[in-house]
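Undergrad: The lines below spell out each chain.
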Amino acid sequence: MTDTMLSTPDGVGADYYRIGAPVADTQAPAGPIAGKWTQRKFDASLVNPANRRKLSVIIVGTGLAGASAGATLGEAGYHVKSFCFQDTPRRAHSIAAQGGINAAKNYKEDGDSIYRLFYDTVKGGDYRSRETNVYRLAEVSANIIDQCVAQGVPFAREYGGLLDNRSFGGVQVSRTFYARGQTGQQLLIGAYQALERQIAAGTVEMFTRHEMLELIVEDGRARGIIARDLVTGEIETHLADAVVLASGGYGNVFFLSTNAMGSNVTANWRAHRKGAYFANPCYTQIHPTCIPVSGDHQSKLTLMSESLRNDGRIWVPKRKEDCEKDPRQIPEEDRDYYLERIYPAFGNLVPRDIASRQAKYMCDDGRGVGPMVGDFRRGVYLDFADAIARLGRPAVEAKYGNLFDMYARITGENPYETPMRIYPAVHYTMGGLWVDYDLSSNIPGLFVTGEANFSDHGANRLGASALMQGLADGYFVLPNTIRNYLAKGPYPKLDADSPAVAEARANVEERTQRLLAINGQRSVDSFHKELGHIMWEYCGMERTETGLMKAIDLIRSLRAEFWRNVRVLGSADTLNQSLEKAGRVADFLELGELMCIDALHRRESCGGHFRAESQTEDGEALRHDDQFLYVAAWEYAGGSGEGEMGNPVLHKEDLVYEAIELKQRSYK
Amino acid sequence: MNLTLKIWRQDGPKARGELVTYQVADISPDMSFLEMLDVLNERLNAEGKEPVAFDSDCREGICGMCGLMISGEAHGPEKTTTCQLHMRSFKDGETITIEPWRADAFPIIRDLVVDRSAFDRIIQAGGFISVNTGSAPDAEAILVPKPNADRAFVAAECIGCGACVAACPNASGMLFMGAKVTHLGELPQGQPERAMRVQAMVATHDGAGFGGCTNIGECSHACPKGIPLDVISTLNADLRKAKSGRF
Amino acid sequence: MSRLPAGREKFTRRTAAPVTQATDGERYVAIVATSTLPASQQAVRSSIGLKLLMAGSGLIFVGYVLLHAYGNLMVLGGADTFNNYAHHLRTFGQPMLPYGGLLWIVRVVLLASLVLHAYSAFTLWGRANGARSTKYAVKKNVAASLSSRTMRFGGVALLLFVIFHILHLTTHTITPQGKQPTPYDNVVNSFDKWWLVLIYALAVIALAFHLTHGVWSASQTLGLTNTATSRARAKIAGHFVGALVATAFLIPPLAILFGIVD
Ligand SMILES: Cc1cc2nc3c(=O)[nH]c(=O)nc-3n(C[C@H](O)[C@H](O)[C@H](O)COP(=O)(O)OP(=O)(O)OC[C@H]3O[C@@H](n4cnc5c(N)ncnc54)[C@H](O)[C@@H]3O)c2cc1C
Ligand code: HEM
Ligand code: HEM
Ligand code: SF4
Ligand code: F3S
Ligand code: FES
Chain D
-13 MTDTMLSTPD GVGADYYRIG APVADTQAPA GPIAGKWTQR KFDASLVNPA NRRKLSVIIV
47 GTGLAGASAG ATLGEAGYHV KSFCFQDTPR RAHSIAAQGG INAAKNYKED GDSIYRLFYD
107 TVKGGDYRSR ETNVYRLAEV SANIIDQCVA QGVPFAREYG GLLDNRSFGG VQVSRTFYAR
167 GQTGQQLLIG AYQALERQIA AGTVEMFTRH EMLELIVEDG RARGIIARDL VTGEIETHLA
227 DAVVLASGGY GNVFFLSTNA MGSNVTANWR AHRKGAYFAN PCYTQIHPTC IPVSGDHQSK
287 LTLMSESLRN DGRIWVPKRK EDCEKDPRQI PEEDRDYYLE RIYPAFGNLV PRDIASRQAK
347 YMCDDGRGVG PMVGDFRRGV YLDFADAIAR LGRPAVEAKY GNLFDMYARI TGENPYETPM
407 RIYPAVHYTM GGLWVDYDLS SNIPGLFVTG EANFSDHGAN RLGASALMQG LADGYFVLPN
467 TIRNYLAKGP YPKLDADSPA VAEARANVEE RTQRLLAING QRSVDSFHKE LGHIMWEYCG
527 MERTETGLMK AIDLIRSLRA EFWRNVRVLG SADTLNQSLE KAGRVADFLE LGELMCIDAL
587 HRRESCGGHF RAESQTEDGE ALRHDDQFLY VAAWEYAGGS GEGEMGNPVL HKEDLVYEAI
647 ELKQRSYK
Chain B
562 MNLTLKIWRQ DGPKARGELV TYQVADISPD MSFLEMLDVL NERLNAEGKE PVAFDSDCRE
622 GICGMCGLMI SGEAHGPEKT TTCQLHMRSF KDGETITIEP WRADAFPIIR DLVVDRSAFD
682 RIIQAGGFIS VNTGSAPDAE AILVPKPNAD RAFVAAECIG CGACVAACPN ASGMLFMGAK
742 VTHLGELPQG QPERAMRVQA MVATHDGAGF GGCTNIGECS HACPKGIPLD VISTLNADLR
802 KAKSGRF
Chain A
6 MSRLPAGREK FTRRTAAPVT QATDGERYVA IVATSTLPAS QQAVRSSIGL KLLMAGSGLI
66 FVGYVLLHAY GNLMVLGGAD TFNNYAHHLR TFGQPMLPYG GLLWIVRVVL LASLVLHAYS
126 AFTLWGRANG ARSTKYAVKK NVAASLSSRT MRFGGVALLL FVIFHILHLT THTITPQGKQ
186 PTPYDNVVNS FDKWWLVLIY ALAVIALAFH LTHGVWSASQ TLGLTNTATS RARAKIAGHF
246 VGALVATAFL IPPLAILFGI VD
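Residue numbers (our numbering), protein chains in the order written: chain D, -13 to 654; chain B, 562 to 808; chain A, 6 to 267.
No lab work stands behind these hints, which were simulated from the structure alone.
Bear in mind the structure is a predicted one, so any value in this text is a computation, not a measurement.
Backbone N, C-alpha and C define an ideal beta-carbon position, used for all residues, glycine too.
Don't take every hint at face value.
[Stated by the list, open to error] Computed, partial: chain A to chain B, Cβ under 7 Å:
no., residue
1, SER52
2, ARG132
3, ALA133
4, TYR141
5, ASN146
6, ALA149
7, LYS184
8, GLN185
9, PRO186
10, THR187
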């Protein structure tokens, strides 16, 4: 015990975690990076078509990652069982993505290539992602566009009938395909239709309004799930030869985020409690251009496309006294265009994390605008007055009309006349279950795809690359790697009353009963909100050692109170939305602690993780490659009861950069 | 703002339902309609009463999960989804009646939550282009004239919320179905299956218990995405041509 | 409070499942799903198929009432003109057709259309009622025009009127005007009674309403209105036909009532 304590990087962490054996990916073949994927596809065992129907796969999630995998595996002839908690697979949160999807098609002949997309993604991730996985992502990206076009996804086109591209997220090539502001929707509908086609063919069985609440692990292998039918409340056992989690991100641990109300970590967390490593949980992306919080009632935050920063200018008043004034009354000389001032080269187009952090600093400094939320005004101006003067209102309207309308609808203000107010919000989680090159977790038979895994974005995700990853995983990667596992199947038939199944079922039933029995004083939402506050305050845009330690204490006592004092009404055998939320929040209360521990142990700044103690003289993120060039894969340790957590065990996966040279990033 | 709410409460698919009256006070005009219901639910929970069940997920007008009949209008008085409707669209002291979508093809599950899986079955019948993963030609091999691409896009904006059915006096699903038939029918990729698609979808639509269309137009008016009525015309034309073998 | 909506089982029973079936007895067979519904089936009885029948028969009605209204205007030309016209209708096409042959052809076509039209209308009416068995407590209709909302009862009213009208002026079973020697006398001596004019006027107004929506609706049903412009044109056409028919039909009775023709 003392031994492991001493081996923690500093004295502080010792109270919170232990260090375990390193992990490594063993599936990526040797050889030059460009040949690895072809080699892997060749090496992975094949399954005879006649045997496929005897092999079953459970897929949790019908977002881009899950629906595309379900359609592809179904079409290949496997027996697929697909799950989502919404009433139809088409509503998975992928639907909300606005901006676009990257692909190294180089249709514009502007120097794009697989290598450049790979390079940009690794650099954008601040050198905290695994090279082999990212290269493969760039490699299959072009196929995604072909597939989607053939399915009828209505991408934007030019007059000649060719596909249109734009440059997105600050990159210098035009590689982003888009469908107005609804790229995610159109891509998801394409995947959904492909999935429905397989449902009609009988290869995919769809379970909507079902929530996975437990993973069944038998003999060290993932063999099924326990799910609750959210309509009837029935607890169901579903068995299969392999389980795929495509359950999306966990940004809702912050309560307020741009994620959907239902987005949650439960599927991942239940698997984590069964032994799956959770990698880099503290890497969260905070998006600078969201509509600010207007009051305590707020249930979610709405993203405004990043493209607004191309023409809008961001400012706050120079003096605190001006913050309540009508912005139009504040003369030019009293305005602080702080991004243009601090980063003259990039100005308003600095990367997401920098833009976000600076906005926070301005508001912490008392110069925020908009309504008081707590002790501060949380908002900065995004002003289009110059753009309107320069381009004319019709041009601005043509470009941003739908975003302006959305803003007007939500805030009741007219952005053509008064500057918009924006503030950063949690948007994407780079962390997730640890997977190898085959997208397999450390539990054999458990695969993880899309935002639910940690694999491709390092410490920070580039715009338009999550959609790419989801579809790459589901259409092209997983179907090729999972067969290597399935080829060894069918695995021995599991009895519905085998100990592993019975234990998993009992867990779910007990937990449900316990939540309903507490009958305390506080609503689930009030706990969720409080957790969100803690996370946002101490594990948000800027993190410090003392803050994180404080947060861990606060979360622990909040969790204890939750299990003592939450009030969940109704019963378990009907549609019960409070019960659904309670289960999700219970898991967030554990995840939150792990995120803080991860953030505490990583005493460097990288990508979306900014430790105040580790910055350059100009306030830039400062990485420590000598100490932290690794993936932190956390193992759940102890605390078998609900709400109990032991000290997690840290397994490090060293990151090896062969194809790309490490550099410290700078935007000055 | 202070409001009187009359909300449809129904314990389960087979239970009897009724309108129950609630008063809510101190509602901010900046709240969304669903946030106003969140406030009511927090209060009910505090009083030991079960909260009102209603569907929502993205709360930004794109997933199509939300949908309430608000004083007789699907998604309320504005052209948007229920989740993007804000309380500033209502008057202080107003009485608001909140009901679930009513259509026999959308059975009630609980309170304001309905089962819209009939829409999925319509898509299963033919709302897709049969292309297997990996078999697609290069994306630029298929050119799509911009006018067709644009019309396909407008139709593809449908979010499957069901407001068209809820608003239609005949509880018809034609706008939803027309949107899909038009989306796929405008594209070259959608041609091979065009005749089959429309027949299979219409048969499933009718079998699911939706009504027929008498071109009343409430659907398009209620549609948060403004899907135009001309998709129904295209649907009709497709069915006619498929019947007479003229594709 | 209100009737229970049907449970889930209801539509599984009613769903036509156009799904390619597995063939070898096993449950999960890798087959490619395509919409392979036998082309012939279903569409006629489908809601759209029925609507097509309604549109077709409706347009026949439109043609008929336009000609009929035009023919009625002959009354303004006086007894000879009108009686000649009535006679001409019966001798039209002779000797290829027997006396009154055209009229019988028209009658057969009209009757067939009416049967189809009414059959479709009532079938769809029934389905629409079944599609929402529990009504809303509050429902606003914001976009619907009055004419679109009155198609069904308006249609029934028209049907009743046509029966009355045939008994009145074709078979002379109902004769408030008394036995008259010529068609002209029949008409003129009918419409000097204000209450008969009122019945006809109401019927004509109902017809105008029915056609105002009907013409636009038929264009939409036939799939001719794929753009906003064509849709607007079809609506204008509907209003035009409605107004035209109303005016043309109303002139003779009013002219008679007010003694302009006698
Ligand atoms: C507002 C917004 C805008 C974005 N814009 C872009 C963009 O422009 N470009 C880009 O590349 N990326 C964008 N992203 C990110 C991107 O959309 C997501 O990362 C990506 O779509 C995630 O896809 P997914 O398939 O992994 O998960 P999701 O789409 O989130 O799907 C999760 C699925 O899992 C199911 N599920 C979860 N838990 C359970 C459970 N316990 N039991 C059963 N089912 C469960 C859900 O029902 C759902 O079907 C955006 C994200 C947001 C929030
Ligand atoms: C049995 C009595 C009748 C009933 C119940 C009836 C009902 C209807 C209905 C429900 C429609 C469809 C409306 C829509 O699409 O919105 C319709 C259409 C129409 N009707 Fe009638 N109608 C009847 C008689 C008539 C008569 C007597 C005429 C003419 C003199 C007529 C002319 C038309 C026309 C032209 C249409 C348009 C076709 C279409 O909508 O596709 N109808 N009718
Ligand atoms: C004021 C208006 C009308 C007048 C003066 C009028 C007059 C007549 C007359 C005189 C006849 C008998 C013709 C003959 O047997 O030679 C007739 C027949 C008929 N009219 Fe009208 N009519 C009027 C309105 C209508 C309307 C509104 C409709 C339909 C909606 C209609 C439908 C018919 C039909 C179906 C017949 C029977 C035709 C036949 O015998 O084959 N009429 N009408
Ligand atoms: S057509 Fe409009 S109203 Fe109908 S489901 Fe689609 S988006 Fe909703
Ligand atoms: S309201 Fe109904 S009748 Fe047709 S035009 Fe719309 S579906
Ligand atoms: S909740 Fe997604 S559209 Fe309203």
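Undergrad: Against each hint, give a clear statement of whether it holds in the structure.
TA: Structure-based check of each hint:
no., hint, in the structure
1, SER52, "3 Å, holds"
2, ARG132, "5 Å, holds"
3, ALA133, "4 Å, holds"
4, TYR141, "6 Å, holds"
5, ASN146, "6 Å, holds"
6, ALA149, "5 Å, holds"
7, LYS184, "43 Å, violated"
8, GLN185, "41 Å, violated"
9, PRO186, "45 Å, violated"
10, THR187, "42 Å, violated"
Of the numbered hints given earlier, the model fails hints 7, 8, 9 and 10; all others are met.
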